[in-house]
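Enquirer: Sequence:
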Amino acid sequence: MGRRQKQNKKIVFSDTEYETPSNVNENIDNNSVKNNEINNDYNDNSERPSKRSKKYNDNNTGSTENKVTTENGYKTVYFDDKSTENDDEYTKENPDSDDEFFQQDYNMTRSDLKNKAAELYEIRKTLPVFKVKDDIIPQIMKEPVTILIGETGSGKSTQIPHFLMDKVKKNIAVTQPRRVAAMNLAMRVAEEYGCHVGEEVGYSVRFNNVTSSRTKLKYITDGMLLREMMVDPKLSKYSTIVVDEAHERTILTDLLIGFLKGLLIERNQGVAAGAEPNFKVIIMSATLDAEKFSSFFDNAPILFVEGKMYPVERFYMNKAADDIIDTLVKSVIQVNQGEQSGDILCFLPGQEDIDKAVEILTNISPELPKEAPMIVPLPLYAALPPQQQMKIFAPLKSRQRKVIISTNIAETSVTVPGIKYVIDSGLRKVKVWRHQLGLSTLLTVPISKASATQRSGRAGRESSGKCFRLYKETDYLKLTDITEPEILRSEIISPVLMLKKLGVDDILGWYWLENPGKESLVSSLQQLYSLGALNNSGKITSLGEKIVTLPVAPHLAAVLIKAQENNVLNDVIDIVSCLSVDNLLMNPPSEKRDEINHLRSDSCPLGTNHGDLIMLKELYDIFNTFKENDERKKWCKDISVSYKGFKNVSRIRKQIKEYMHSLGSEYDDDDIENENDFRDDNNTNMGRTITNSIIDVDSILKSFLYGFIANSAIGMPDRSYRTVTNGNLISVHPSSLLFGKKKDAIMYIEFVYTVKGYARNVSAIKLEWLQEIAPQFQSSKTNVSKA
DNA sequence: GAGCACTGC
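Counted from 1, the first sequence has number 448 at position 448 by UniProt numbering; the numbering is strictly sequential.
Hints are not guaranteed to be accurate.
When the alpha-carbon atoms are kept at most 25 angstroms apart in a straight line, the in silico PhoX-like pairs for lysine-lysine are as follows [to be verified]:
{"id": "1", "residue 1": "Lys647", "residue 2": "Lys627"}
{"id": "2", "residue 1": "Lys546", "residue 2": "Lys657"}
{"id": "3", "residue 1": "Lys319", "residue 2": "Lys167"}
{"id": "4", "residue 1": "Lys449", "residue 2": "Lys501"}
{"id": "5", "residue 1": "Lys261", "residue 2": "Lys169"}
{"id": "6", "residue 1": "Lys472", "residue 2": "Lys429"}
{"id": "7", "residue 1": "Lys429", "residue 2": "Lys478"}
{"id": "8", "residue 1": "Lys234", "residue 2": "Lys501"}
{"id": "9", "residue 1": "Lys633", "residue 2": "Lys647"}
Treat the hints as calculated values from the structure; they're not laboratory data.
I would like the entire structure built from these sequences, with the hints used as guidance.
Expert: Following this line, the structure appears as structure tokens:
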């Protein structure tokens, strides 16, 4: 039933049938948990994770008695496709079928599907959103914009779009920040609707468009919807756009919301007041951000639906931790000894801390008292190879307890089942772009209150849980309410180009949900101008149109265009594709580091000389010389590169080739061999790789330098480098093949400041190229030499 | 002289 709250535009739908889950023992202090509120932080004054917890009677670790109801009303796939696939799936013939994991059984007939849907209907009826649908749907139907606050487990992402399918005129798009979520939701809603995915309900994510002319409801990544918008700026085939997870405030979600604001005005012109709008937007978000979205959309009504979460008791430290790893290790031991069964999830900021904590816990685990369960520490971060990531899902023997030590990846992207305890360092790492300096910094910073709530919520998905915060409650109270939106701390060259593509002249005065600020915008405009993407009146050029179309960062897109002129397009596509895949080169364990470094330089004679970009080309060529997948896998393992990563390189390469072709690239799709590119040119440095192909190293690197001229540095006598732009000190990152080598000048794809300024993906360049490509940098170069 | 959080096209 709906009940009115103080703010008259806010309507709360409270499900009166909601009950405390049956397995939650009622002995929790009454004032400790108020079921109907978020952020009811319980302050336990005991100094440490306490042992007074035997009130719980949950003896079965998996706690399968309870229906696992994840946020979207169901479970199954917890990881994105990069990680759920085990290696063997790649041995299948069709390289594009690797999303099979998400496909339904296409042998099911329509009536089988309808039967299945009828079964699922019984489960849907238990979801909080379902119970209040007759109140909510009419509210949504009459408004052009609705802000819907659905707590975790309310079922909003599946049910609201489903209910709207029969009500709205045209198609519905539901955006998601992540690919997995889009695919999973489509799967689930198709089942609930009684169709195959791709019929009435489908999805669209990069590399996979599972939709048809029948598709009425489409789950789509926000990046894909923006891409559709570049082609059809009015989104004319949709009558309804649902922006889900809006509180995550990714750059793409923020952009989309800005575009939707303009589109609402445009498409609802002439609609009489009170009549059903032509175009409708529903923003789904977490509580704290609701007002912001509402005021952005002219005080749009806020609807609130309660979730289905179990209570989580929260504990704080009574003094600040001085060594976070040490404090975490001690807390794990205490929780293990003092608490009932259930797995532990710990949050630390980064890989280095996590590896250290795992190592310590692994070493002391056998020494711990035998009365407590045996702890099994497991790391979790994005750069971890998929097989190791999968270990967090494997069941353990009895009397063992998983201790998963994770980065922020477990806060939203990965849901680990069986977690009953969360230990939170309160820290995360964040990349902050400094546009004045033209570099990124990677900082360890305190999380926000919203983030702390989300982390602790990970303990309350299957039964009641506990969260131990490794900081003081007074420090908690000092945290910001919500995490700063990404757009305020990122490079926004690509977003600005998208605005230009859509004809926005006044970038500074656009409908920014969060205005990134004049400095950041002006710096983006300048960079786009120097790339040639904008002309001097600020309009997008034909080169800019090409850049915005290509599915890579603007600088890399410019490199691709240049490579075409330099007759090295194929090689540059290979390299750009490699650069588009994260964690392609894995960090070998320290004991194998020297061996693997040698192996890499032996395999890449040209890369050893010319740097990482050429090395990527050589590695990719070697990868492709193997006939059998088993051979490939073995080679990848030996040289410590990601097999999955290279498969993704091939997909991206194919996509880039298609785009380049659509932009008028003349080349023949089926690779002209490099030998045909051979030109008898004394100025050009032609190299032969161990796979016996000939690579025009100079032309490739000059193509890159065209896009990355500002990312170059001059070698100093003391083996350090100074950037050409402002003479800053920069070091070659230890992961580079050029680490420790002296070169006259270098060019790098990325500059990140951690403990010091590091250049990543480094290539050796000739000094004269700098003058050739950008004479204006010459003066600063001489300044640097004197410095 | 020694190491990067997460996501999207």
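Enquirer: Each hint: holds or not?
Expert: Evaluated hints:
1. Lys647 with Lys627: OK: Lys647 and Lys627 at ~14 angstroms, within 25 angstroms.
2. Lys546 with Lys657: holds (13 angstroms)
3. Lys319 with Lys167: Roughly 56 angstroms between the alpha carbons, so the hint for Lys319 and Lys167 is violated.
4. Lys449 with Lys501: violated (37 angstroms)
5. Lys261 with Lys169: Status holds; Cα separation ~20 angstroms.
6. Lys472 with Lys429: holds (20 angstroms)
7. Lys429 with Lys478: Holds. Lys429 to Lys478 sits at ~18 angstroms (cutoff 25 angstroms).
8. Lys234 with Lys501: holds (13 angstroms)
9. Lys633 with Lys647: Within the cut-off at roughly 11 angstroms; holds.
Against the hints set out earlier in the document, violations occur for numbers 3 and 4.
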